[in-house]
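Colleague: Below are the chains, spelled out letter by letter.
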Amino acid sequence: MIEVRDLVKVYRVHRRPPGVRAALRSLVRRSYDEVRAVDGVGFRIEPGERVGFLGPNGAGKTTTLKMCAGLLHPTAGDVRVAGFVPRERRPEFLKSITLVMGQKQQLLWDLPASETFALNRAVYDIPRAQYEETREELVRLLEIGGLLSQPVRQLSLGERMKCELAAALLHRPRVLFLDEPTIGLDVSMQLAVREFVRAWNERFGATVLLTSHYMDDVLALCRRVVVVDRGRLLFDGELAGLVRSVNPDKRVVLQLSRPVAASDASMPGAAIVEHSAARLVLSVPPEALQAVVGHAFARLPVADLVVEDPPLEDVLRDVFRRSRAERESEAAAQRAK
Amino acid sequence: MRRFADLSRALLRAGFAESLAYRAEFLVWILTTNLPLVNLALWSAVAHEAPVEGWQGADFAVYYLATLVVRHLTGAWVVWALTSDIRRGDLAQKLLKPVHPLWVLAAENISALPVRAVVAVPFALLLLHAAGPDRLASGVLPWFAAALMIALAWTMTFLVMAIIGTCSFFVESAYSLFEVWSGLFMVFSGYLVPLQLFPEWLREAGRYLPFRLMLSLPVETMLGRIGGAEIAEGLALQAAWVAVLWLALRAFWRAGLRRWAAYGG
Chain A
0 MIEVRDLVKV YRVHRRPPGV RAALRSLVRR SYDEVRAVDG VGFRIEPGER VGFLGPNGAG
60 KTTTLKMCAG LLHPTAGDVR VAGFVPRERR PEFLKSITLV MGQKQQLLWD LPASETFALN
120 RAVYDIPRAQ YEETREELVR LLEIGGLLSQ PVRQLSLGER MKCELAAALL HRPRVLFLDE
180 PTIGLDVSMQ LAVREFVRAW NERFGATVLL TSHYMDDVLA LCRRVVVVDR GRLLFDGELA
240 GLVRSVNPDK RVVLQLSRPV AASDASMPGA AIVEHSAARL VLSVPPEALQ AVVGHAFARL
300 PVADLVVEDP PLEDVLRDVF RRSRAERESE AAAQRAK
Chain B
0 MRRFADLSRA LLRAGFAESL AYRAEFLVWI LTTNLPLVNL ALWSAVAHEA PVEGWQGADF
60 AVYYLATLVV RHLTGAWVVW ALTSDIRRGD LAQKLLKPVH PLWVLAAENI SALPVRAVVA
120 VPFALLLLHA AGPDRLASGV LPWFAAALMI ALAWTMTFLV MAIIGTCSFF VESAYSLFEV
180 WSGLFMVFSG YLVPLQLFPE WLREAGRYLP FRLMLSLPVE TMLGRIGGAE IAEGLALQAA
240 WVAVLWLALR AFWRAGLRRW AAYGG
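Going down the list, the protein sequences come from chains A and B.
So in numbering that gives the first Met the number 0 the end of the first sequence lands on 336, straight run, no missing numbers.
So in numbering that gives the first Met the number 0 the end of the second sequence lands on 264, straight run, no missing numbers.
Keep in mind that the hints were calculated from the coordinates and are not lab data.
Treat the hints loosely; a few may be bogus.
What the hints assert, rightly or not - Derived EDC-like pairs: lysine to aspartate or glutamate, alpha-carbon spacing no greater than 20 Å straight-line: (1) 103(A) - 84(B); (2) 94(A) - 17(B); (3) 94(A) - 45(A); (4) 93(B) - 124(A); (5) 249(A) - 185(A); (6) 249(A) - 237(A); (7) 96(B) - 124(A); (8) 93(B) - 109(A); (9) 103(A) - 89(B); (10) 249(A) - 215(A); (11) 96(B) - 185(A); (12) 96(B) - 215(A); (13) 96(B) - 107(B); (14) 93(B) - 303(A); (15) 103(A) - 179(A); (16) 103(A) - 237(A); (17) 93(B) - 87(A).
Here chain A stands alone, though its shape is the one from the complex (with noise of 0.2 Å):
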């Protein structure tokens, strides 16, 4: 359904020094550097898959989705989404992707989100009978039928973001570019929000390919990730996998019933990452974990103990740090030749 391969994008961004004297040097004499804000990157998405898509602030993600969705035409590379160039931006194109962006809006600012439904139902061509249908669906799952009357101005971030995803899914595309879809809801909201998407894909078999920057988002929702960091691919596969390669060990996470010593918490084989009086984190490789929780029940005061897997956060961090000493070393190593 999205086949991207060998996508690069390169901006062409005007640098100025701050200053009266470089303002005015820039207007006679300009200087531009490129920033390949895309490198390389390839992946191909099956119909029907939800699909993370991760990576730190500036690592190319969205400029992946823009690509994708035909908003920015690729610097070098080939995309095809639904069988589809998305650059050409042709109407059936069109008809068969949404891009939810969770900073911009589709809504019309001053008018009820009902006004936007009914004009996107005559942009997209929608047959009445479906587009009552899927509206009705719609403000069902999200629970927006007291909203639809208000202007959207009125409305509240969540609430905006419930009825954003309704007009952008009105006429049932087959892919839908969801980027940080969730960005500055409340916890309720996102989960309300992620429930929707799965809900949405479990329905109607959309492909889903979804950036955020909340890893709750991307562990509800995805069996696979495709992890970027400086325009680059790390990683394309289970999640699962990305645990294990990056950081096998488990957490051992212990509540106590009275607080301990750090001598008394530290035990071979595990290392502390959080200590405090009613709870202490300990990491541990897989071979060494029966002999730690024997150890833990046998001398600490353990009111509860759970053994789970590292956070993603930690697990994205390795990876970008790992990434970013290689490709240090790989420059320190060229400089030298």
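Knowing the structure of chain A, use the given hints to seat chain B on it.
Modeller: Chain B in isolation, oriented as in the chain A frame:
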């Protein structure tokens, strides 16, 4: 055809609702487009002493009232919307739709026309009352031509404003270009001074430029100051300019999109 009608109706409906939603902005707009009334008072005072190049006070009154009506019916406010959409990245949402963003902008502008007409029509009535039939064109044909000219003048205005707005793909701000255009328009369109008061050589120079075609031409036709041949020539020039501007806009738009960075979001 059904799709075209359905889409136009929906765009016009949303645009009309939006233009009513911005009540304060709309009031300011009405107040700022009334410059011809200032000119009317000024020139009427001058002509009170003695006719200027054969123009009496009543001629000026009719001219500026007709100018006001045409201006209200041909205004297109695209530069600001387009510049802001391009620079802030909001164009992205519009590009995702299977309808061209410029088509949406055009519909939004046209849908504001009925609201503008609320202002323009009373002035038109006042004009008729003040002038009497002898200062206006007689017969159906000139009025039919004037209506066509107003439609073409609106199209030209829309295309020029869209071209200037599209320049935001290439330059930091298109507003300064608009200021340059605006200055030329004020002089060569007959907005400030009737072109017939200009020296012959200057009038001739402005004959084939777009400015006159966008304002003075329909006004001259409504006032019966030009005859059949000139009306036909004017319509042909307008049509030619629409074609040229359309091709220019299409080229600008395509080149601009190729280099657009879609910042924001």
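Colleague: If a hint holds in the structure, say so; if it does not, say that too.
Modeller: Tested hints:
This hinted pair checks out: residue 103(A) and residue 84(B) have alpha carbons roughly 11 Å apart, not beyond 20 Å. In summary, the hint linking residue 94(A) to residue 17(B) is not supported, as the alpha carbons are separated by about 25 Å, beyond the 20 Å threshold. For the given pair, residue 94(A) sits about 19 Å from residue 45(A) by alpha-carbon distance, which is consistent with the 20 Å threshold. Restraint check: the Cα-Cα separation between residue 93(B) and residue 124(A) comes to about 16 Å, which is no more than 20 Å; the hinted pair holds.
For the hint linking residue 249(A) to residue 185(A), the alpha-carbon distance of about 29 Å lies beyond 20 Å, and the restraint is violated. For the hint linking residue 249(A) to residue 237(A), the alpha-carbon distance of about 18 Å falls within 20 Å, and the restraint holds. About 11 Å separates the Cα atoms of residue 96(B) and residue 124(A), which keeps this hinted pair within 20 Å; it holds. Taking the CA atoms of residue 93(B) and residue 109(A), the gap is near 17 Å; set against the 20 Å cutoff, the hint holds.
As the CA atoms of residue 103(A) and residue 89(B) are separated by approximately 7 Å, the hinted pair is consistent with the 20 Å bound. Proposed proximity of residue 249(A) and residue 215(A) is supported: the alpha carbons are some 18 Å apart, at most 20 Å. Proximity of residue 96(B) to residue 185(A) is assessed by CA-CA distance (about 30 Å); at most 20 Å being required, the pair is judged violated. Proposed proximity of residue 96(B) and residue 215(A) is contradicted: the alpha carbons are some 31 Å apart, above 20 Å.
Simply put, residue 96(B) and residue 107(B) have alpha-carbon atoms about 15 Å apart, close enough for the 20 Å limit, and the pair holds. About 53 Å separates the Cα atoms of residue 93(B) and residue 303(A), which puts this hinted pair outside 20 Å; it is violated. Distance check on the hinted pair: residue 103(A) and residue 179(A) sit about 10 Å apart at the alpha-carbon level, within 20 Å; holds. At roughly 30 Å between alpha-carbon atoms, residue 103(A) and residue 237(A) are farther apart than 20 Å, so this suggested pair is violated.
A distance of roughly 15 Å separates the Cα atoms of residue 93(B) and residue 87(A); the hinted pair therefore holds under the 20 Å criterion.
The structure fails to meet hints 2, 5, 11, 12, 14 and 16 from the earlier list, while all remaining hints are met.
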